[in-house]
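Novice: All chains should be built: construct the whole structure from the sequences, respecting the hints.
These protein sequence lines map, in sequence, to chains B and U. Add 881 to a position in the first sequence, counting from 1, and you land on the number used in the numbering used here. Add 46 to a position in the second sequence, counting from 1, and you land on the number used in the numbering used here.
Take these hints with a grain of salt, some might be off.
[Claimed, not checked] Below, a list of computed lysine-lysine pairs in the DSBU-like style, where the Cα atoms sit at most 35 Å apart:
{"#": "1", "chain 1": "B", "residue 1": "Lys951", "chain 2": "U", "residue 2": "Lys114"}
{"#": "2", "chain 1": "B", "residue 1": "Lys894", "chain 2": "U", "residue 2": "Lys151"}
{"#": "3", "chain 1": "U", "residue 1": "Lys91", "chain 2": "B", "residue 2": "Lys961"}
{"#": "4", "chain 1": "U", "residue 1": "Lys123", "chain 2": "U", "residue 2": "Lys151"}
{"#": "5", "chain 1": "B", "residue 1": "Lys909", "chain 2": "U", "residue 2": "Lys151"}
{"#": "6", "chain 1": "B", "residue 1": "Lys961", "chain 2": "B", "residue 2": "Lys894"}
{"#": "7", "chain 1": "B", "residue 1": "Lys909", "chain 2": "U", "residue 2": "Lys114"}
{"#": "8", "chain 1": "U", "residue 1": "Lys151", "chain 2": "B", "residue 2": "Lys907"}
{"#": "9", "chain 1": "B", "residue 1": "Lys894", "chain 2": "U", "residue 2": "Lys154"}
{"#": "10", "chain 1": "U", "residue 1": "Lys91", "chain 2": "B", "residue 2": "Lys909"}
[To be verified] Listed next, with one range per pair, are the computed distances between beta-carbon atoms:
{"#": "11", "chain 1": "B", "residue 1": "Ser965", "chain 2": "U", "residue 2": "Leu92", "range": "39 to 49 Å"}
{"#": "12", "chain 1": "B", "residue 1": "Gly908", "chain 2": "U", "residue 2": "Ser125", "range": "35 to 45 Å"}
{"#": "13", "chain 1": "B", "residue 1": "Thr921", "chain 2": "U", "residue 2": "Lys146", "range": "17 to 27 Å"}
{"#": "14", "chain 1": "B", "residue 1": "Gln954", "chain 2": "U", "residue 2": "Gln122", "range": "22 to 32 Å"}
{"#": "15", "chain 1": "U", "residue 1": "Glu104", "chain 2": "B", "residue 2": "Gly908", "range": "21 to 31 Å"}
{"#": "16", "chain 1": "B", "residue 1": "Ser939", "chain 2": "U", "residue 2": "Lys91", "range": "34 to 44 Å"}
{"#": "17", "chain 1": "B", "residue 1": "Pro899", "chain 2": "U", "residue 2": "His113", "range": "41 to 51 Å"}
{"#": "18", "chain 1": "B", "residue 1": "Leu964", "chain 2": "U", "residue 2": "Asn87", "range": "14 to 24 Å"}
{"#": "19", "chain 1": "U", "residue 1": "His105", "chain 2": "B", "residue 2": "Ala895", "range": "35 to 45 Å"}
{"#": "20", "chain 1": "U", "residue 1": "Met66", "chain 2": "B", "residue 2": "Pro899", "range": "38 to 48 Å"}
{"#": "21", "chain 1": "U", "residue 1": "Asn87", "chain 2": "B", "residue 2": "Gln883", "range": "15 to 25 Å"}
{"#": "22", "chain 1": "B", "residue 1": "Ser958", "chain 2": "U", "residue 2": "Gln127", "range": "18 to 28 Å"}
The hints are simulated quantities; they were obtained by calculation from the structure and are not laboratory data. Glycine residues also receive a C-beta, built at the ideal position from the N, C-alpha and C atoms.
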Amino acid sequence: AQTIHQWPVAEIKAVGSPLSLGCTIKGKSSPNLYWYWQATGGTLQQLFYSITVGQVESVVQLNLSASRPKDDQFILSTEKLLLSHSGFYLCAWSLDRSAETLYFGSGTRLTVL
Amino acid sequence: GDSVTQTEGLVTLTEGLPVMLNCTYQSTYSPFLFWYVQHLNEAPKLLLKSFTDNKRPEHQGFHATLHKSSSSFHLQKSSAQLSDSALYYCALSVQGTGSKLSFGKGAKLTVSP
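Specialist: What follows is the structure in structure tokens.
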């Protein structure tokens, strides 16, 4: 069975500080990987997606970056957090490229103060 | 571009009454439509996905029918349960893009005794 693990579960960070969020998928080779962001009370906004190792496409510019250093790992980061970065970050994977059923991780709750 | 519209932001129902959440879409191509459900403090999970052969998907008592003539994929259930209280997102994916699932703004369903 496939599992998706996100870390950390929650973070409280200061404005201007760096951030690194991680996501690991086990039991599935070469998945499509995604980062989504959900502001409090807001919808799910896709931030990045990756089809293969070393390749990441940006969907929305939010002063964030993403990398895929391994087939099963997806990292979201920034060097300087903004207040507007607060929210719920979700990693997801899919394998069905024709219909994109997404399987989400449990998410990271980020509070920027 | 491709987009999904959910008109109800908040829906409050009494247990036992029927549920209907609206979803309409705009797409240049023939899309796949999805319903995702997100319970409080949990990650979104797939509830239903449209079929290419026009079968009506059903899960946990919920069903939805893709009507191409009206560009709709409304979510229905004959009798609401307390455990149905959650956020419901309609989403769209275009076959072959392999990378983007567009979500609606979501509808918060609250079922009371």
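Novice: Each hint should be assessed against the structure and marked as holding or not.
Specialist: For each hint, the structure was consulted:
For the hint pairing B/Lys951 with U/Lys114, the CA-to-CA distance comes to about 40 Å; that exceeds 35 Å, so the pair is violated. A C-alpha spacing of about 27 Å is found between B/Lys894 and U/Lys151, which places the hinted pair at or below 35 Å, so the restraint holds. Pair hint U/Lys91 plus B/Lys961 holds up; C-alpha atoms about 31 Å apart against a cutoff of 35 Å. Taking the CA atoms of U/Lys123 and U/Lys151, the gap is near 20 Å; set against the 35 Å cutoff, the hint holds.
With a C-alpha separation of about 30 Å, the suggested pair B/Lys909 and U/Lys151 falls inside the 35 Å cut-off, and the hint holds. For the hint pairing B/Lys961 with B/Lys894, the CA-to-CA distance comes to about 10 Å; that is within 35 Å, so the pair holds. Note on B/Lys909 and U/Lys114: the hinted pairing holds, with a Cα-Cα distance of about 34 Å set against a maximum of 35 Å. Distance hint between U/Lys151 and B/Lys907 is fulfilled; the C-alpha atoms sit about 30 Å from each other, no more than 35 Å.
For the hint linking B/Lys894 to U/Lys154, the alpha-carbon distance of about 29 Å falls within 35 Å, and the restraint holds. About 18 Å separates the Cα atoms of U/Lys91 and B/Lys909, which keeps this hinted pair within 35 Å; it holds. A beta carbon spacing of about 29 Å between B/Ser965 and U/Leu92 contradicts the range 39 to 49 Å that was offered as a hint. The hinted window of 35 to 45 Å between B/Gly908 and U/Ser125 holds, with their beta carbons roughly 37 Å apart.
For B/Thr921 and U/Lys146, the Cβ-Cβ distance of about 24 Å falls inside the hinted range of 17 to 27 Å, so the restraint holds. Restraint check, B/Gln954 to U/Gln122: a C-beta distance of roughly 40 Å breaks the suggested window 22 to 32 Å. For the pair U/Glu104 and B/Gly908, the beta carbons lie near 27 Å from each other, so the given range of 21 to 31 Å is met. Look at B/Ser939 against U/Lys91: about 26 Å separates their beta carbons, and that is not inside 34 to 44 Å.
Between B/Pro899 and U/His113 the C-beta distance comes to about 48 Å, which sits within the given range of 41 to 51 Å. Judged by the Cβ atoms, the range 14 to 24 Å given for B/Leu964 and U/Asn87 holds: they are separated by roughly 22 Å. Range check, U/His105 to B/Ala895: about 43 Å between beta-carbon atoms, so the 35 to 45 Å window is met. Checked against the hint of 38 to 48 Å, the pair U/Met66 and B/Pro899 passes, with Cβ atoms roughly 46 Å apart.
About 22 Å separates the C-beta atoms of U/Asn87 and B/Gln883, a value consistent with the hinted range of 15 to 25 Å. Judged by the Cβ atoms, the range 18 to 28 Å given for B/Ser958 and U/Gln127 is violated: they are separated by roughly 41 Å.
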